[in-house]
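First residue of the sequence shown? That's 720 in our numbering, and the numbers climb one at a time after it.
Hints were generated in silico from the structure; no laboratory data involved. Don't take every hint at face value.
What the hints assert, rightly or not - Each pair of labels, with its calculated beta carbon distance range:
hint: 1; residue 1: PHE818; residue 2: ILE1217; range: 32 to 40 Å
hint: 2; residue 1: PRO1305; residue 2: ARG1120; range: 32 to 40 Å
hint: 3; residue 1: GLY762; residue 2: LEU1166; range: 30 to 38 Å
Said to hold, decoys possible - Here are the simulated BS3-like cross-link-like pairs (lysine-lysine), alpha carbons at most 27 Å apart as the crow flies:
hint: 4; residue 1: LYS1327; residue 2: LYS1057
hint: 5; residue 1: LYS815; residue 2: LYS1327
hint: 6; residue 1: LYS1014; residue 2: LYS972
hint: 7; residue 1: LYS1289; residue 2: LYS815
hint: 8; residue 1: LYS1327; residue 2: LYS1290
Glycine included, each C-beta is placed from N, C-alpha and C at the ideal position.
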Amino acid sequence: MQEVNLTKNSGCFRNFEDSFPQQRNRTMKKLQLNYLPYQIYAGFAGMVVFWVYVQTLAPTVSFFDSGELIAAAYTLGVAHPPGYPLYVLLGWVFSKLPFGEGAYRLNLMSACFSTLAALMVFLITHLILAVCPQTTTTESSRNTPDPEQIFIPIISLIAALIFAFARTPWSQALIAEVYSLNAFLCGTIIWLLLRWRRAIVGQEDKPASSRLRSVNGNPNAERSENPDVERSRDVISGTNVTTPVWEGKGIPKAWLLYLVAFLFGIGFGNHQTISLFFFAACFVVLMTTPRILFKAKTVALILVWLMLGFSIYVLPPIRAAQNPPINWGNPSSWQQFKWLVTREGYNNVPRGGSFIGLWQDLRHKTVTEHDVMAGQSPIPDRQVHGFARSVHILRSSLFFRQLATFHPQQEFGVIGVILAILGLLYGIVRYRIPTLTLLIAIGAFILLTIFVSDPPEENIFLVEEFHTPAYLLTAVLIGLGLMGLARWMLWVARPWKILCYGLVLLLSLMFLLIPGSLMLRHVREVDRSRNYVAYDYASNVLMSLQPNAILFTWGDSGAFPLWYLQIVEKKRPDVILIHVPHLSSPWYLESLPAELSIVSETTPEQQKNILAMVDAIVQRHQGLRPIYFDFSSAHSIMVPTPPPPAEPSSRRPAPRCRSSGCSAFPRAPPSGTRAASPAERP
């Protein structure tokens, strides 16, 4: 029998509207009220998460990249490779807030995007769980809430809180860093992909046994894939619609893909690891409608929107031409622009070679029982072969330690790991394509992040924050595990309706203990609300310097807080800060103040030698400016210490280290003193 067209503009739909206007108005009002609980749960999740983040927010600058990113955003400059133009642009907008210090405003931006990332956990979890079996809707059951439907927003809320109070996402929400924004963009991409698939295939993600729904009282009528037809049928029959308004209602299907492409492009301007979600995107497209790859117009528009997102990288060369205070790499030329975007500056960073080392060990390394038993004696040195040998080599390899940077047990606890595994198994059975999408996204992200970065042993900790998007999707799997457990218990109690509703309340309270325990477990570790260490360090250093001094610095934590104080808070503009590792870079030598420029006085060979450049600067300004080395630079470049002068100047404190007869870093302030914090300043 030919299907009747029930689209909005069809005659059948108009006749329904004309014949039953009061019934239609009552039904539509009921549908709008059905959206309200989801909005309440989402709003509650956002308010709770944001309030906790603000209460534990860092009040000022932190160590590592924080100071440099704040200074770059404040001046709309160029941050370290790959430039982070999206973060810089958004940070510049947040720097215009009328309250708080410059660092606090950028820290608040991280809290905002971490809150949005938690809301993406809510939306993804709800989007997957909303694809659920529907039973025949009778007159007596229309006004009776379904216990399973009650659980969907509750579990989505709990999954969002679990992610928000995990250690790494919470810690990154409190400081000026790029990882919160990256997690939000990655979560948005996954949500849009699943929303696009839902718009294309409708209810196909359900098991085959649950694809039949009641249509006008007929439980054997199959749902149409036309969303307009189904929406009309739901209105006519009074069926509850569980999809909230934010899940793409009214958005053309193709535009969801275009938006995904745009987010891939513009997100590349924040953190390049967002491109690793490309494999999950390809999987969703291939499993939904692979023929779209042969539609030239659609593919062309996807590429156009992708390039439109990439256009965020127009910002670095434009701003570099204006010489901002933070102008890393000076990407005003094509060569330097390529150097910035492709991270050529890190080509000389040591790599661990974990994959090659693991492969060679698996092929040639001899393993004995003494090795397997961790050197316990007396163990005979008999060789171990087969699977036991491979397991021992893997567990003792650098690759395994790199892989351990993804640590869900540390983030979510043992219960969280068990629920994530349960959610993975339950999701593959119940929601196969969305769950496999999450699994591919998590696996590809972790493995490729390790493969590309390949940090040596001493730098493994730097990769831990990269996994924040993977933790976001793991929280969704935990939500699926909670739903599987809840549905099983409701199935056991199904003969007793009252017991089912009591079970909903009891399980909801029990499940809320999981994010509550995570918050109590991690709050002491991540709370930065009274952390002024980086600010005090930088303030004490600058206050210790004599007027017009030159200070050589080394490393992110030693230099970047000083950059923040001098550029953003305008402290000690008379001091010249020189970052020693950059002295071998032509772009950095060209950016030095005119009175400090030594390019014309040194040979190309000297300009490639950091110690030679340091010595040239010291020789030129000896006796003209006080010259200081911070602790890291003095030890990193092994500055020679000449004999003390015969008559030390009474105006200067006793030197702590010297270079070529110039004054060096003075004594540290007396014990117990600290610089005034931003909150203590008038």
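Cross-check of the supplied hints:
1. PHE818 <-> ILE1217: 32 to 40 Å: 51 Å, violated
2. PRO1305 <-> ARG1120: 32 to 40 Å: Holds, at about 37 Å.
3. GLY762 <-> LEU1166: 30 to 38 Å: 37 Å, holds
4. LYS1327 <-> LYS1057: 21 Å, holds
5. LYS815 <-> LYS1327: Answer violated: LYS815 to LYS1327 is near 40 Å, above 27 Å.
6. LYS1014 <-> LYS972: Since the Cα atoms of LYS1014 and LYS972 sit roughly 14 Å apart, the hinted pair holds (cutoff 27 Å).
7. LYS1289 <-> LYS815: Roughly 16 Å between the alpha carbons, so the hint for LYS1289 and LYS815 holds.
8. LYS1327 <-> LYS1290: 32 Å, violated
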